[in-house]
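Novice: Sequence:
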Amino acid sequence: MKALLPFILLFRRQWLMMLVGVLLTITTLMAGIGLLSLSGWFLSATAVAGLTVATAQAFNYFTPAGGVRFLSIMRTASRYGERLATHEATFRLLTDLRIWVWRKLMPLSEKNLAGVRRGDLLNRLVADIDTLDHIYLRLLTPLGGSLVMIGLLYLFLSLFDGALAVTLCGALLLIWLTLPLVFYVLGRSPGRRLVASKRTYRIELLEYLQGQGELTLFGAREAYRSRLDHTEQSLLDAQKSMAGVTALSQSALVLASGGVVLLMLLLAANGVGEHVPPGPLFATMVFAAMACVELLMPLAGSFQHLSACIMAAQRVTEITSQQPDIEFPTDSNAQIRHGALQLNDVSFGYVPEQPVLQRVNLTLASGQKVALLGQTGCGKSTLLSLITRQWQPDSGTISIDGQALTDFTQAQLCAGVSVMSQRVYLFAGTLRENLSIALMPDEQGKAPRADDASLLAVLERVGLQTLSQGDRPLDTWLGEGGRQLSGGELRRIGIARVLLRDAPLLLLDEPTEGLDKRTEREILSVLFDFARDKTVLMISHRLTAMAQMDQIHLLEAGQITASGTHESLLASNAYYQSLYHRL
Numbered sequence: 010m011k012a013l014l015p016f017i018l019l020f021r022r023q024w025l026m027m028l029v030g031v032l033l034t035i036t037t038l039m040a041g042i043g044l045l046s047l048s049g050w051f052l053s054a055t056a057v058a059g060l061t062v063a064t065a066q067a068f069n070y071f072t073p074a075g076g077v078r079f080l081s082i083m084r085t086a087s088r089y090g091e092r093l094a095t096h097e098a099t100f101r102l103l104t105d106l107r108i109w110v111w112r113k114l115m116p117l118s119e120k121n122l123a124g125v126r127r128g129d130l131l132n133r134l135v136a137d138i139d140t141l142d143h144i145y146l147r148l149l150t151p152l153g154g155s156l157v158m159i160g161l162l163y164l165f166l167s168l169f170d171g172a173l174a175v176t177l178c179g180a181l182l183l184i185w186l187t188l189p190l191v192f193y194v195l196g197r198s199p200g201r202r203l204v205a206s207k208r209t210y211r212i213e214l215l216e217y218l219q220g221q222g223e224l225t226l227f228g229a230r231e232a233y234r235s236r237l238d239h240t241e242q243s244l245l246d247a248q249k250s251m252a253g254v255t256a257l258s259q260s261a262l263v264l265a266s267g268g269v270v271l272l273m274l275l276l277a278a279n280g281v282g283e284h285v286p287p288g289p290l291f292a293t294m295v296f297a298a299m300a301c302v303e304l305l306m307p308l309a310g311s312f313q314h315l316s317a318c319i320m321a322a323q324r325v326t327e328i329t330s331q332q333p334d335i336e337f338p339t340d341s342n343a344q345i346r347h348g349a350l351q352l353n354d355v356s357f358g359y360v361p362e363q364p365v366l367q368r369v370n371l372t373l374a375s376g377q378k379v380a381l382l383g384q385t386g387c388g389k390s391t392l393l394s395l396i397t398r399q400w401q402p403d404s405g406t407i408s409i410d411g412q413a414l415t416d417f418t419q420a421q422l423c424a425g426v427s428v429m430s431q432r433v434y435l436f437a438g439t440l441r442e443n444l445s446i447a448l449m450p451d452e453q454g455k456a457p458r459a460d461d462a463s464l465l466a467v468l469e470r471v472g473l474q475t476l477s478q479g480d481r482p483l484d485t486w487l488g489e490g491g492r493q494l495s496g497g498e499l500r501r502i503g504i505a506r507v508l509l510r511d512a513p514l515l516l517l518d519e520p521t522e523g524l525d526k527r528t529e530r531e532i533l534s535v536l537f538d539f540a541r542d543k544t545v546l547m548i549s550h551r552l553t554a555m556a557q558m559d560q561i562h563l564l565e566a567g568q569i570t571a572s573g574t575h576e577s578l579l580a581s582n583a584y585y586q587s588l589y590h591r592l
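First residue of the sequence shown: 10, per our numbering; consecutive thereafter.
No wet-lab data here; the hints were simulated from the structure. Just so you know, these numbers come straight off a predicted model, no measurement behind them. Hints may contain errors.
With a Cα cut of at most 16 Å, we get these calculated EDC-like pairs of lysine to aspartate or glutamate [claimed, not checked]:
| no. | residue 1 | residue 2 |
| --- | --- | --- |
| 1 | 378 | 519 |
| 2 | 113 | 334 |
| 3 | 207 | 241 |
| 4 | 207 | 238 |
| 5 | 378 | 538 |
| 6 | 113 | 336 |
| 7 | 378 | 542 |
| 8 | 526 | 498 |
| 9 | 207 | 303 |
| 10 | 207 | 246 |
| 11 | 207 | 129 |
| 12 | 120 | 336 |
| 13 | 113 | 327 |
| 14 | 11 | 327 |
| 15 | 120 | 334 |
| 16 | 120 | 327 |
Produce the complete structure using the sequences and hints provided.
Specialist: This is the structure in structure tokens:
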């Protein structure tokens, strides 16, 4: 239960809407119990009044009939309002939860998340947070509403017979205390297995869909699909176990409520208060007991969800409770103006015993264009991760414009450095939204709205004339990942973002990987034209545009083994010569 406390405290932001939902739940229960109790009394009283002409003429049929209609309308309206209020509160709570988790997640570095698979992280951000909405909707609301309703029912019935009121409400309170606890214990294991199997299935399904190309290429698709089917069967078994517990809980509640009704039949038959025989009040007591089944039904089901909520809360807390491995200063006067970059004796390894970079020294003067060449796995991308502070070097220093990298705030570093990677990601949104994310937010953290003319000019500049034509082209829906766009168009949108950011230091991570020669030359031409007065560090294992570089460094096994211009390396370095002739 301790794992749920931070999330329950977070719910205080929506206390008003949550309170409205609970009050409407209580109102619905009151109207339901009142409606059935009044209907029972009305039918019995009408039957008794009809025994003689005198009592039939003296009986007031209109007031109880009006009460029945009023309670019917009240129950319908309050039930509708309850659904609106509780679901509105739930959606608001989900919004607050997701924003809170994202704010905890964003400062975390790659090191913090190194042991978390991407599919597992996605499952925690989506499925586990969705599970936490049960805390309010299926735990707090039914438990709070039913407990208050038991108290109100006692006050109402005690007006007629205090002993019967104590008996009925005591039995209801006993059911309220015992059955949920019993079915929490019974549902704990199936609930945890259900959450775990959902997590495993989502992870494997995501990997199966994303890895279709590789699985088909290596002939492993059938084996992986068989493994996925086995995981799916485990999920179905867990759902079946939970369904069995749910069925048992509903059966137990029906049996318990039936026992309460039978008990009231026996006790009320001897008289209600001073009324012996009880007359119509007998039906009031019995029908009130019958109506309590609506009060009890959500209870066992709510505690079945408790184990799943606790497990989801623990999994989310594993991420949100982490302290960022890399901390940025909150305030700094440093500013990146020229983008001059210097690395002094930088060493780093993801595992201490296996260094990736060893005493790397690298200097880029302001406005200089430098290329870092090497085979896959030699540490090129790791070097960029250190410069962008996704990882922290084990030893050595990195500085920009003579200022230590650790002196810049995150906003200052983002404003001064632009990164273009080999994978450009497009979000499910419009072309305008996918371009505008490159703009720096203001002091309040709000992203500015880009001028349409500026965005269209950037699209023209990067050669995306086809996307800038027609009516309202910036409102074109790209969809997640931009699947309808070619690889070259995706890279050009990446360049457009770089142009919009307009930072002094430009880091290019294999910007033309996977493109044909013609598209590669066009993209590099646009980039170098834009970066004429900027500092550029490009990592690659291809030699396109190397003649335009002021300096080229060869990286092998985490160390810079040779440096020079394109011409000097071509004349003196055998490895560079072999690369040139091969590529």
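Novice: Which numbered hints does this structure break?
Specialist: 9
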